[in-house]
Amino acid sequence: MAVILLLLLVVMVMLDIRFGSVRITFSDMLVHLTARDPLSDQQLIILQKFRLPRVATALLAGAALPVCGLQMQTLFRNPLAGPYVLGISSGASFGAALVVLGAGAAGLIATWSIALAAWAGAGLVMLLLLYVSFRIRNVMTILILGIMFSSGLAAVISIMQYFSQASALKSFIIWSMGSLGNVTGNQLRIMALAVLPLLLFSLLYIKVLNGLMLGEEYAVSMGISIRRTRVVILAVTSILAGTITAFCGPIGFIGIAVPHITRFLIRKSDHRILLPLTMVTGMVILVMSDLISQLPGSDRVLPINAVTSIIGIPVVVWLVVLNRKTTAL
Amino acid sequence: MLLSLENLSIGYAGTPPIVTGINLQVKPGEMIALIGRNGSGKSTLIRSVAGIIPTLSGNCCLEGTRVRSIEMRTRARMISFVASQVSQLPPITVRELVSLGRIPYTGWRGRLGKGDREMVERAIRAVRMEGLIDRTLDHLSDGERQRAMIARAFVQDTPLMVLDEPTAFLDLPNRYELVQLLTEFRQAGKAILYSTHDLETAMTSSDRLWVIHQGSMEEGVPEDLGIKGVYDRLFASTGISFDVEQRKFRPAGITRGTIHLTGENAVLLAWTRNALERLGYQRSETTDTILEVNDSGTEPAWILTRKDGSARFKNIETLARFLIQEN
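Chains as they are written, first to last, in our numbering: chain A, 1 to 329; chain B, 330 to 656.
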């Protein structure tokens, strides 16, 4: 299964680079590499400045969000948990809304300032969550408080939307639909710098996640420090999900669904295999969604959020109906 | 001393302590059953000993060191824990579940070495689940699942195992089998502390009993506790008394009368005794009312004789109806 997924990933990445509104074929690229008949400057810019960063963004987000989802599902022992369940995306949206809806009127919204504000918003929610998790023992209370933060921020955002101008509102709504295409060179570097080490770090916790499957009492009795684990997992998922959301907007669905899809594919809940393969499956699905969102053969682009849901929901419905036991964590 | 509790109080911060002044010890290789009514603090004590929850005051020491101050991984190599059930089970196989018991010994990846794998196999054989090794937990019966959980604790390779009502959700044969497993572990040198409501099994299989009653603790070998009347006091307020002969608790209930029971066939006599008990009759050899269980014909018969005459019944149902109507 791992081999199939990796092959699928390579194919998807290649197709995603190949297709777009401007035609650049594989043979053009190959010939360019042999330096006999280089691509035109325009084609090169499209590849280097747009397509490659977009694919790289899809890979990072596709690996990070499902890992967050898996960690949340195991930590809360709740199959419905995902990277955004504790309000990280609401925090990011709040930051973005402040910039887009507040300063948007002045007409100077740089992607940078949105990303920074969204990052700050997500960070604020993370600090709040960490504070709560230090003070409160019961993990379900943390979950409920997280959902409350999330709903509260959503309410504030809707008030801001209600009083904002039409043009600002539209840019905010477009931001909230998610996009993999707005991340450029430097931002991509920053995103990779934040995401890659944390993805590697999350591998260090696979044994602990396995121990958590039986619940906190058993985990403690097997020598796992619940408080430390909780803080580490909350911090890791907040930074991962917050960073991705800051640069790409909230990308729904794959964070919750991909862990379930992966569990179904490998028919195992052992995090030693599940966690790395969840990254791979997430990358495959997000790159594939990106490919579909480009609508090969046309010059229109669909919002990535719509695509992940439209292709993902039938898959999950099918999995759940077909095999209730495996998907139920 | 493996485990020693010194002047220990247990409970939850902010509420009055549940049990105070506990002074008890567990030696290596001892099997101890913890008895007490619902809400008496059995689970709290088990969890305090396992280091899952903090104690209120006093000391709970494992090999001389306070349980809560032992580094967690080290502690997990000294005490293992089993709860009465897992509320939400992951769909992992028996082998994967039992392997989790090696967590305190493995590196960050949780990779099992050859010795670890042998230990897992041995534990699965010990709980007699070789045939179910690749089944997922959701496809096991309650008894099998609990045996798998116990194998997981066994693999943790600790000198002390604590179990919180491990038999609570099991039927009678599974309950016996589970306690049998625990006695086998004890013979292998482990100390075992388990809470239970099943006094009968506890009395026949454990070395000592710890009885929690109204916030304090009594302990001793089962017989001494009985002679001291501890079991009677346990349920004194509820009208339930302890029958020493049968080592069973029974409700006091109403008494309808006394009957002298005679007969030859042991099986028929036993069942008739049960019926009389159920109906509230006490047996006595001095009363005029005699119930004879007659086994001489092809069909058994019950003959009830009094001063004023006798009646014959062909089964216990008609006898019971007669006795009830008479009152």
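No lab work stands behind these hints, which were simulated from the structure alone. Computed from a predicted structure; not experimentally measured. It is possible that some hints are incorrect.
Here are the in silico distance ranges between beta carbons for each label pair [to be verified]: (1) Glu-547/B <-> Thr-141/A: 50 to 60 Å; (2) Arg-228/A <-> Arg-395/B: 30 to 40 Å; (3) Pro-383/B <-> Phe-201/A: 26 to 36 Å; (4) Leu-80/A <-> Arg-395/B: 38 to 48 Å.
Each residue gets a CB set at the ideal place from its N, CA and C atoms; glycine is no exception.
Hint-by-hint comparison with the structure:
1. Glu-547/B <-> Thr-141/A: 50 to 60 Å: With a Cβ separation near 37 Å, Glu-547/B and Thr-141/A fall outside 50 to 60 Å, so the hint is violated.
2. Arg-228/A <-> Arg-395/B: 30 to 40 Å: violated, 20 Å
3. Pro-383/B <-> Phe-201/A: 26 to 36 Å: holds, 30 Å
4. Leu-80/A <-> Arg-395/B: 38 to 48 Å: holds, 40 Å
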